[in-house]
Every structure is written in structure tokens, then in C-alpha cells.
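Undergrad: Residue numbers (my numbering), protein chains in the order written: chain G, 5 to 275; chain U, 751 to 1084; chain B, 787 to 1056.
Among the clues, some could well be false.
[As the list claims (entries may be wrong)] Think about it this way: if two alpha-carbon atoms lie no more than 25 Å apart in a straight line, the pair counts; the simulated DMTMM-like pairs of lysine to aspartate or glutamate are:
id	chain 1	residue 1	chain 2	residue 2
1	B	Lys806	G	Glu60
2	G	Lys6	U	Asp826
3	B	Lys1047	U	Asp995
4	G	Lys8	U	Glu1059
5	G	Lys263	U	Asp923
6	B	Lys806	G	Asp181
7	B	Lys807	G	Asp181
8	U	Lys1068	U	Asp995
9	G	Lys8	U	Glu864
10	G	Lys8	U	Asp923
11	G	Lys8	U	Asp995
12	G	Lys6	U	Asp995
13	G	Lys7	U	Asp923
14	B	Lys835	G	Glu91
15	U	Lys825	G	Asp234
16	B	Lys874	G	Glu185
17	B	Lys806	G	Asp175
18	G	Lys8	U	Asp1014
19	G	Lys7	U	Asp1064
20	G	Lys7	U	Glu943
21	G	Lys7	U	Glu1059
22	U	Lys981	U	Glu1059
23	B	Lys806	G	Asp234
24	U	Lys1021	U	Asp983
Note that these hints are calculated values from the structure, not bench results.
Listed below are the residues making up each chain.
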Amino acid sequence: MKKKLLLFLRTLNARAYVRIFGQMREATWVVASVLGGFFTMTTYIYLYRTLGTGSEFSGLVVLGGFMTPFFLNVLWGVATQLYWEKEMGNLELMLVSPAPLSAFLVGLSVGGAMHTMLRSLAVLFFGIAVFKVQFTLLHLPLALLVFFVTLFSMYGLGIVFSSLFLYHGRDAWRTADLVMEPTNVLSGSYFPARYLGLGLLGIAALIPTTLGLDALRQLLVPSFTVKVLDWRWELLILIGLGLVFAFIASWALRSVEYKARRDARLTLRWQ
Amino acid sequence: MHTAIQVENLSRVFNRRGTAPFHALRGVSFDVSYGEIFGLLGPNGAGKTTTIKIMSTLLLPTSGRVTVAGFDVEKDYTHVRPLISLISGGETSGYGILTVEEQLWMFSQFYGMETHVARARIEEYLKVVSMWDSRRQQMNRLSTGMRQKVNLVRGLVTDPKVLFLDEPTLGVDVEASVIIRNIVRDWVREKPERSVILTTHYMAEADELCSRVAIINHGLILANAAPSQLKQDLDSRAHYEITVDRLDGEQLDHITAFMGEGNDLVLGSDKVAKSPMLVAHLMHESDIARLITALAEQGVTLEYMRKLEPTLEDAFLKMVGKRFEDEEETSPVS
Amino acid sequence: MRGFLASMYIGLQIESNWTKKWVWLLYLAAYPIGSFLAVIILYRVFGQKTGLLPYALYGTIFYYSLSMVFFDMAFSVHDDREHYQTLKYIFLSSTSYRTYLCGRAATRYLIALAGIIINLCWLIPVLRLPFHPNWGYLIAGTILGYLVAAGLGLAVASVFLLTIKLDVDVVDALFGGMFVLSGALFPPTAFPAVFAKIAEFVPLSPFIELMRRAISGKILTSFLSDMSTFQLLGRVALSAAVLFALGWVLVYFGSRQAQRKGYIDVTTAF
């Protein structure tokens, strides 16, 4: 048991290392990704000004801009990663090793989250500085708790999807590309999710960012009133979602790996 | 336990939409002992890579059974994986942004090695392959040969019991190939519980390294023996190439009559010296003395003589019926 | 011409052969929705009174038709080099790399247009968008749009030939900035005066405004309203010529430099 745990932790650490320090070597990437996030945020802040909504919407957009990079990282850096590993020829070496796939994916998640944190904080900083957005820090510890639970739940969902990418190839990648923007919109990154209406909200609530962002807005933006649920309920739902995703991910990875071995999908490149 | 790998009646069928099922392996059986370098030879699409993939737990067999160190690769794959390593030729795996040292450390962690042990082994093997000075270079700056040396080190650092080498010297220059072959040979000799499965297109490589080779074609094992045995089985006659100062058809007829039935003599010409060249296929090695006497009696002077040894390639050609490069068929996974 | 058509065909295969034809057609129709979904929600919820929905929706959709081309051309450099490892063979072939890129761009542009047409078929009646097309301007604008997109795409590809990291984020940042300033989503008059002035000179602004007017038959806001549609067409034609020529020259130098640096067949396995 101890040996297994050590193997898991060492694999996690090694994979996270590549994510954090490897990508840091490309300074242009960091600058460009911060700028990209900043421009998106700027677009929506000016859009709200054009629409004549209240100034509190700037705060909502900045928080959305803070969370969006995590959403993108989950989708492109975790969910699709096994597809890229396969295309690069790494997947077979990962599988031939004794480390479980879940350890690689948790490593990717931890590394990805830490790496994205820098980008997100930069976007948050520029948002506050340029647009003079104000947040209340009265509930900062609770906001941090909500934030980390949201990350746990989001990356859990990413790992669930990664099992699909392990089996499927370009089709899964295309699907992710297709749903990326609508999902990001539905999760309320750019506006309060309550405006979606009950039907859409039911679907959107399965994306952890939706309730996570709503709870963060309640805790950090004092004038925010159009909440979906009380943040306490949202926190509980996020914990539940995270646990369910973790369970499904663990089962799905095992079963999809077996199917992929059976159907010769593990090493099938240019699929 | 003397068997590192046991393959029993292994079959694999690939079903692809719109085409007939492809039978990559049709009842393949062989075993590999500890301390052995076992070669799998065959043209493209013969089933070599499919066999390696099944043995290394990447692919499930359609039927049959494979055990590695006594563990079933289908059911007990979690026990198999800590014991094996896979190195493929021409692979560009890993992460280009990492340095050589970081890349090797990362893979060692996937095997749960303690960092200080991993670092010591990485240093040891990088020095063996003369790459210690390049340890801080990023992977994407390395040449093909250097990258393959790093791949070899990656495979050895984790101290596997069974090493799968799939075309390990593919695209690698002569010097690097020699280094890789020497390391593999020494590595197996170092500990008795190690073994290597090698697939290669280079006959000389298999001849030099392998204690046994299996020749596989269209998913069937055609032969399984030591390279020397395969060569011996090819032809029991002795073959000589003799360059002489002169020899005409009439003299050849006399000599052929003298040598008797079963000994064939073919007259040609040496392409370099432009002298007549006699190729003799003799029933017994001792018949060469009679041939030399017969030539002397005809007043012919010998300029040059050499014995023609059959090669593993000759054995392969005889069994498969064609050279490697003549084969075009490819399997879905190889 | 043969090389151009072959490149278009390769582009089509890369875009479509991952699934069955009918699934791909659905995908083609569904893909642009992501680009305008937020616009519809935001303008329906918060901007009913502003009457700016047609402006924002048409703007976003036509921006999308160009952005698909930039992204594809930037991505194709890395995809061909690292993923499919065919870039070296394209360079060795008798078709010039620029022709190949233009062929890929043409396919992507046509696919984006097909998606747009399918979606406009339901968006116009459902959202009651103004639709009084001037077909002449619309066709001319569409053709010039290809040159604008291909020109910018060539310029981006020339930069990507000289980088060995898949820096899609750079394109994201560059075209994210252009999206803000081109007035696709809202009139740039909302910006401080300096940025509003800059917005008028962003090469994509006149194209988007031309297409808005050509399809709606109206001038929807004061942005670029001092120019007649014909003048706009002239500006778009000038931008298209300059951008395409610039892209064409940049890829030439980018290719030469990439050959010098040995980047044509570099693989990094990130």
C-alpha cells in the first residue's frame, strides 16, 4: 500500500513538474496568455458599458476572467492531454510503466492549476488595476475554500473526459473544440448564471465553474444579488460533484484503458 | 523459474470498418529464457510489433496466452509493468522542453524510484553512452542518435527484468548503433535474471546479439533457433569462390567430371580483376583439396580463394522468400 | 492552380474525415454557435433597449469567418510540422508553401461561410434581424474577406514558421485584441477617444462594417458612418491588397529564415 502510494505521489510530482517548470521556459506563452485573458475581459467590460449595466458587472467579468483560464486548462490541458500524449508517443511509455493513469492526470491537474494560477492572478491584477474594480475581502477565507473546491470539482470533470479522449481521437478533440465556447458561456463566465433560466441552468450547474463563480461573486462582490443559490448550498453541491466526478473518473479510466487495449487504440496515432 | 516470457498459441485479429479482418498473428508460440537476447525477425507487417505490444501490455490478444516473469499480460498486467521497459526505434517521446536529465528523472518517477537512486543511475548510464556532458541540453536540440541513446538510458535506468527493443537502431548512425548494441549485450550479461526481446531489420545486428531468433511472416513463426543453427540448416554444402589466371569450358568439363556428381562448379568472372572466377558448391568441405589438385593438373594457377559462409540474411531469404525491403504489406499497428 | 486545389482538398480532408459525413455537416452548422451564443444571451438579457443586437451579431459572425482562417493557418504550421510531420515534404514539393497555405485558408474560409449561412437561415427570422442584402457588396466583400483573412493568416504563419513552440496563445492574444478594437461586438465609440480612433484603422473594422451594411441594408451605428458603403468597399479592397501582399512577402522571408535555422522539420514533442 505504501509502495503504491509513493508511486502515485512520485508520478504526480514528476508530471506536475513538467507542467509548471517546463512551460515556464516559454516566456512568450505566459505573456501571450495573460494578454489574451485580459483582452477577453476588456471586451466584456466595455460591452457592459455599452449596454448600460451597473458598474458591479465589471467585478463579475473580472472574476469570470480569473476563472476562465482554469476552465480552458481543464479542457485543453487535462481532458485532451491523453490524446496529445498518444500522438506524441508518450502514452505507450506511460502505460508500460507501473504508474496508474490517474496519477498522471492528477499530476497534470495539480501542475496545470498551479501554472494557470499565475496567469489568472495576472488577469485579476490587471482587471483590478485598469478597471478599478473593487472586491470585499471580508469573506476571503471562505472564498478561497469555494475556489479550491471548485478547482477540485472542475479538474475531476476534466479527468472524467480524459478517459473519453484516451479511446477516441480527433473526434473527441473536435467535440471539445465545439463545446468549449458554449460551455464557457453557459457557465456564466461573462454574466450572472441566473439569467440563463431554469432549463439551461440545470445543465450549466453540472459544470463546476457555474456554481463556483456564483458563490465567489456572492462572497467577493458586495452588490451582487442575482445569485443562483445561497453560496453554502453551492459549496455543498460542488463538493458532491467533485466526489462523483472522482468516482466516475477512477472507474472510467480503468474501463476505457481495457477497451483501448482490446481495440488497439492505445498506440493508434493520427487517428 | 527459467522462462522470462512464454507465448502460447497467440493470435490477434484487427477488425477495421469496411475491410476484411486482418490476422496479424496466427497461433504464435515461443519462449524466452532469463539471460537471453531473443530476436524477432520478419518483414514489415509480419507481426513483430504486434507481438511486442501484446507482451508489453499495450494490446490484448484475440486468443492465446502470454506470461512475462510468470504473470499473465492480460490479467496481471499491473504486476508485469514494473518488470518491463520498452524502447522503440525512431521514437520522439518525452517532452522537448525538458533537459536530458529532467526527462530521465521524470520517467524514473513513473516507476516509483527514489530520486537519489534515479540520479545515480542516470549519471552512470549517461556516462556509458557518452552523454553526460549533454545532460543539461533540451531534448528538442538533440540529434536522432543522441535521442535514441537517451531512450536507451530511459529503458535501463528503471532496472527492468525484461527489455523490449523494437528496432532500437533505426535511423541511428554506425557509431551510435555499435554503442547501443554493446550496452545491450553487457546489460544482459550483468545480471542473470535479465532478458531482451529484440526486433530488428538489421540481420547483422540480430546475428551479433541474439542467442536465438524467431523468423516470423504473415503472423506465423517459420523458424526458431540459434542464428548459427539457422545458417547451418540453410545448406550443408561448402561454398568457395576461386579466382584463377585462366580457365576455359573444356578445362571446366574435365574438372567437373573429375569432381563427380553432387559437386557443382559455375564459371564466371571476377568483376574487379577481370579474371575467370569459379564458384564451387561442394558436397564435403574436404573436396576442396581434390578441386585444387584438379585445377593444378589443368595447369591453372590460383590467384585468390575464399570460403562463402551463409548469412542469417540467406536463412531469412530462404524462409520468407524475399528481402525485408521487398515486403510492402503493413499491419494496422506496426 | 493544381497545387492550390490539392491544398484545398487536403484542408477539407483534415477538417472532415474524422467522422461520418452527416456528423460533420451537423458539426459545421453547430460550430459557429459558440461564437455568437454569448452575444445573443447578453443582448437579449441586458441590451434589449439598445437595439444593438443586429450590429453585434452580424459583427461577431463575420469576425468569426476571418478568425477561423487565422487560427487554422497558424495552427497548420505546427500541425504539419510536429503532428503529421509533412511540412518538409510540402516544402520539397513543386507547389510553393504560400500556395499551399492559401489553399488551406480557402477551404477554412468556405467551411466558415457555410456554417454562417446555415445559421443565418434561422437567426434572421427568429431574432428578426434586418435583412436587405446588397448582393453585389456581399459577394465583393466575401471575396475580399478571403484576401484579408489569408493575408493575416500568411503573416501569422510566417511568424509561426520561426517558433518551435505551439504558441496559439500568441494568436489568441493578437486576435483577441483585434476583436476588441474591430468593433465586432460593440461600437468602439464606447472606448476612450484614442482607442476609438485606433479602432477605425484596425484592418478588420472596415470589412466587418461593410458586411454588416451589405447584409442588413442599413448603417447600424455611428461607427464608420461618415463613409459611404462604396468608400468602405474601397478601404476593404486596399486593406486586402496590402495585407495579402504583406503576408505573401512575409511567408517568403519566414520560409527562408526557417530553412536557415533548420526549423522546417524540427519536432519538439511538447
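Undergrad: Going through the numbered hints above, which ones does this structure break? Give me the numbers in ascending order.
TA: 1, 3, 4, 5, 8, 10, 11, 12, 13, 14, 15, 16, 18, 19, 21, 23 and 24
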